[in-house]
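Undergrad: Chain by chain, the residues run as shown.
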Amino acid sequence: MEAWQPIVPSHEVTKGDCIVQGFADGLEFALWRSASGAVQAWQNRCAHRSVRLTLGRIIDDRLVCGYHGWRYAPGDGQCTYRPAHPGAPVPKGLGIRTYPVAEAAGMVWVAPAGEAPRASPAADAGYALFCRAFVARCDVHQAASVLARQGKIDGRTWTGKIGDDDIAVHLLSAKPDRTTLYVWCRELAGIDPTAQRQRVSATFKSLRARIEQPA
Amino acid sequence: MTQDPNVLNDWLVVGQAGKLAPGSRGRFSARLLGEEVELSRDGQGRPRATDRAGRREFAVQERYSYLWVCLGEPRKPLFEFPEFVQPGRRILDCGAIGVAASGLRVIENFLDVAHLPYVHTDLLGKEPHTEVAVYTVEVDAQTDEIWARDVRLWQPKAAVSASGALLAKYAYRVMQPFSTMLYKTCPARPAENDIVCLFVQPVDETSSLAHTLLAYFDDASEDRDLIAFQQTIFGQDKPILENHRPQRLPIDGRLETPARCDATSIAYRRWLKSRGMRFSVHAGN
Chain E
1 MEAWQPIVPS
11 HEVTKGDCIV
21 QGFADGLEFA
31 LWRSASGAVQ
41 AWQNRCAHRS
51 VRLTLGRIID
61 DRLVCGYHGW
71 RYAPGDGQCT
81 YRPAHPGAPV
91 PKGLGIRTYP
101 VAEAAGMVWV
111 APAGEAPRAS
121 PAADAGYALF
131 CRAFVARCDV
141 HQAASVLARQ
151 GKIDGRTWTG
161 KIGDDDIAVH
171 LLSAKPDRTT
181 LYVWCRELAG
191 IDPTAQRQRV
201 SATFKSLRAR
211 IEQPA
Chain D
1 MTQDPNVLND
11 WLVVGQAGKL
21 APGSRGRFSA
31 RLLGEEVELS
41 RDGQGRPRAT
51 DRAGRREFAV
61 QERYSYLWVC
71 LGEPRKPLFE
81 FPEFVQPGRR
91 ILDCGAIGVA
101 ASGLRVIENF
111 LDVAHLPYVH
121 TDLLGKEPHT
131 EVAVYTVEVD
141 AQTDEIWARD
151 VRLWQPKAAV
161 SASGALLAKY
171 AYRVMQPFST
181 MLYKTCPARP
191 AENDIVCLFV
201 QPVDETSSLA
211 HTLLAYFDDA
221 SEDRDLIAFQ
231 QTIFGQDKPI
241 LENHRPQRLP
251 IDGRLETPAR
261 CDATSIAYRR
271 WLKSRGMRFS
281 VHAGN
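First to last, the protein sequences are chains E and D. Under my numbering, the first residue of the first sequence carries the number 1, and numbering increases by one thereafter. Under my numbering, the first residue of the second sequence carries the number 1, and numbering increases by one thereafter.
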């Protein structure tokens, strides 16, 4: 398994009252952005009664659980306040399990194993425009071998050209018969990024059909 | 089917007795512990419960306006509920609501007071009135029922009949793993308590039907307003209940961290553990 896994595009995790649910390596995460701008990747489960934190809110730079209003601080996920006992100090270590998280190439990456990997995420900084993620109904080896026919595979990253667009694809095994393909491209001058993203997504859709059913 | 005697040999609710109108040939099927149970009446008008093929008979009784079935051997009689026939009380069934959750989570949520300002905002609680004062919890040695007493709560709109905010006094009684009732300040008759019963039908380990029955001193409100209030409250709990992960209730270990306000929940989990409850319980830490 790769240490860093792409989880959601950076632009989806906005500052303010926004908690995004994400999945990687069979785990469920609550993602949010603190006032300092740092993305948080937390186990999506309150320490008190195991309710999903994505039902909560962000208030004053704290994630507030929707069930009992327990507040958790960015960084270490420590619980800072329990409204049922306003005067009582919160035990140290009572908090949410946090995961190493990074941002690269317009994407949020998490390390589901919990250890901070030494290397940076596998994204090539040159491919800055994230287009979208696809799910292909095949295993990751089939996806890689079909892509390899018209480009270069390096580890779990494919690079190649489709039409005018330079494309990078990160492949992730979701299940034995499902592969998630994260698609980026190099930004081209003279085309609006939204239009380019749509163009790449459309061409990649037909490529996915070939990945699923190679001739 | 589960082998846990705690549910197999207990009386479990399967629906309103009114679904089998007396003297009629009415029948219905209900799901209980993952099994299908057929309910009908015999020639003498007595309720009858069988498996789907009609080969196996189950113990069944009609009480407190519901039908109760035991799929194994009943260990003891159904709990007492003397207020059900107390003069002046109005008995009102608020219907059954399906919830994709463990029935133990549904009961525990009913016993939880700290969530009221957050999940039932402007009705049963509101910030900044979030502090939960100390209350008492004990297991009655004679009946083996859990009692939580002297729970005091500031409530913006405690009931349909409440004209404004009031300081409500609650007491909870847990009769069975899947049956509980709440005694709460009666706005119309301060010396008495209104009662809200929650009888959970465990459809299987992670899905439930919640039956709510009111025994109120309220002869002013309309049925539909009382039912709508109760369904609004449960509708607010439902998304919370369906978002516990794990879905089953942990009664052991350190997966979840309670606080002092959870005294009733702590007693409930300990009580379930002491009887060796396995059904709908989260295994592991």
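Wrong hints could be hidden among the right ones.
Claimed, not checked - Footprint (simulated), chain E over chain D, 3 or more residues, beta carbon under 8 Å:
# : region
1 : 14-21
2 : 184-192
3 : 234-244
4 : 248-260
Stated by the list, open to error - The calculated lysine-lysine pairs, modelled on DSBU-like cross-linking and capped at a C-alpha distance of 35 Å, are:
#  : chain 1 : residue 1 : chain 2 : residue 2
5  : E       : Lys205    : E       : Lys15
6  : D       : Lys238    : E       : Lys15
7  : D       : Lys126    : D       : Lys169
8  : D       : Lys157    : D       : Lys169
9  : E       : Lys152    : E       : Lys205
10 : D       : Lys19     : D       : Lys126
11 : D       : Lys19     : D       : Lys238
12 : D       : Lys76     : D       : Lys126
13 : D       : Lys273    : E       : Lys205
14 : E       : Lys92     : D       : Lys19
15 : E       : Lys175    : D       : Lys157
16 : D       : Lys169    : E       : Lys92
17 : E       : Lys205    : E       : Lys175
18 : D       : Lys76     : E       : Lys92
19 : D       : Lys273    : D       : Lys126
20 : D       : Lys169    : D       : Lys273
21 : D       : Lys157    : D       : Lys76
22 : E       : Lys92     : E       : Lys205
23 : D       : Lys76     : D       : Lys238
24 : E       : Lys161    : E       : Lys205
25 : E       : Lys15     : D       : Lys169
Treat the hints as calculated values from the structure; they're not laboratory data. Glycine included, C-beta positions come from ideal geometry on N, C-alpha and C.
Undergrad: Determine for every hint whether it applies to the structure shown.
TA: How the hints compare with the structure:
Residues of the region 14-21 of chain D lying with their CB closer than 8 Å to a CB of chain E number 0, which falls below the three-residue condition for coverage. Taking a C-beta to C-beta cut-off of 8 Å, the region 184-192 of chain D contributes 0 residues in contact with chain E, too few for the three needed, and the coverage statement is violated. Against chain E, the region 234-244 of chain D contributes 4 residues with a C-beta closer than 8 Å to a partner C-beta. That satisfies the three-residue criterion, and the hint holds. Residue count for the region 248-260 of chain D with a Cβ under 8 Å from a Cβ of chain E: 7. That meets the three needed, and the coverage hint holds.
Between the alpha carbons of lysine 205 (chain E) and lysine 15 (chain E) the distance comes to roughly 32 Å, so the proposed pair stays at or under 35 Å and holds. Under the criterion of a C-alpha separation no larger than 35 Å, the hint pairing lysine 238 (chain D) with lysine 15 (chain E) is consistent with the structure, at around 28 Å. Only pairs whose Cα atoms come within 35 Å are accepted, and lysine 126 (chain D) paired with lysine 169 (chain D) is accepted, the gap being roughly 16 Å. Distance check on the hinted pair: lysine 157 (chain D) and lysine 169 (chain D) sit about 13 Å apart at the alpha-carbon level, within 35 Å; holds.
With a C-alpha separation of about 19 Å, the suggested pair lysine 152 (chain E) and lysine 205 (chain E) falls inside the 35 Å cut-off, and the hint holds. At most 35 Å may separate the alpha-carbon atoms for a hinted pair to count; lysine 19 (chain D) and lysine 126 (chain D) exceed this at roughly 38 Å. The straight-line distance between the Cα atoms of lysine 19 (chain D) and lysine 238 (chain D) is roughly 25 Å, inside the 35 Å bound, and the hint therefore holds. With a C-alpha separation of about 41 Å, the suggested pair lysine 76 (chain D) and lysine 126 (chain D) falls outside the 35 Å cut-off, and the hint is violated.
Using a Cα cut-off of 35 Å, the hinted pair lysine 273 (chain D) and lysine 205 (chain E) is violated, with the two alpha carbons roughly 53 Å apart. For the hint pairing lysine 92 (chain E) with lysine 19 (chain D), the CA-to-CA distance comes to about 54 Å; that exceeds 35 Å, so the pair is violated. A distance of roughly 49 Å separates the Cα atoms of lysine 175 (chain E) and lysine 157 (chain D); the hinted pair therefore is violated under the 35 Å criterion. Straight-line distance between C-alpha atoms of lysine 169 (chain D) and lysine 92 (chain E) comes to about 33 Å, which keeps the hinted pair within the 35 Å bound.
Taking the CA atoms of lysine 205 (chain E) and lysine 175 (chain E), the gap is near 20 Å; set against the 35 Å cutoff, the hint holds. The suggested pairing of lysine 76 (chain D) with lysine 92 (chain E) is violated, with an alpha-carbon distance near 46 Å, which exceeds 35 Å. Proximity of lysine 273 (chain D) to lysine 126 (chain D) is assessed by CA-CA distance (about 33 Å); at most 35 Å being required, the pair is judged to hold. This hinted pair checks out: lysine 169 (chain D) and lysine 273 (chain D) have alpha carbons roughly 29 Å apart, not beyond 35 Å.
Annotation: proposed proximity of lysine 157 (chain D) to lysine 76 (chain D) is violated, straight-line Cα distance about 39 Å (limit 35 Å). For the proposed pair lysine 92 (chain E) and lysine 205 (chain E), the alpha carbon gap of about 50 Å is over 35 Å, so the pair is violated. For a cut-off of 35 Å, the pair hint linking lysine 76 (chain D) to lysine 238 (chain D) stands: about 32 Å separates their Cα positions. The suggested pairing of lysine 161 (chain E) with lysine 205 (chain E) holds, with an alpha-carbon distance near 15 Å, which does not exceed 35 Å.
For the proposed pair lysine 15 (chain E) and lysine 169 (chain D), the alpha carbon gap of about 41 Å is over 35 Å, so the pair is violated.
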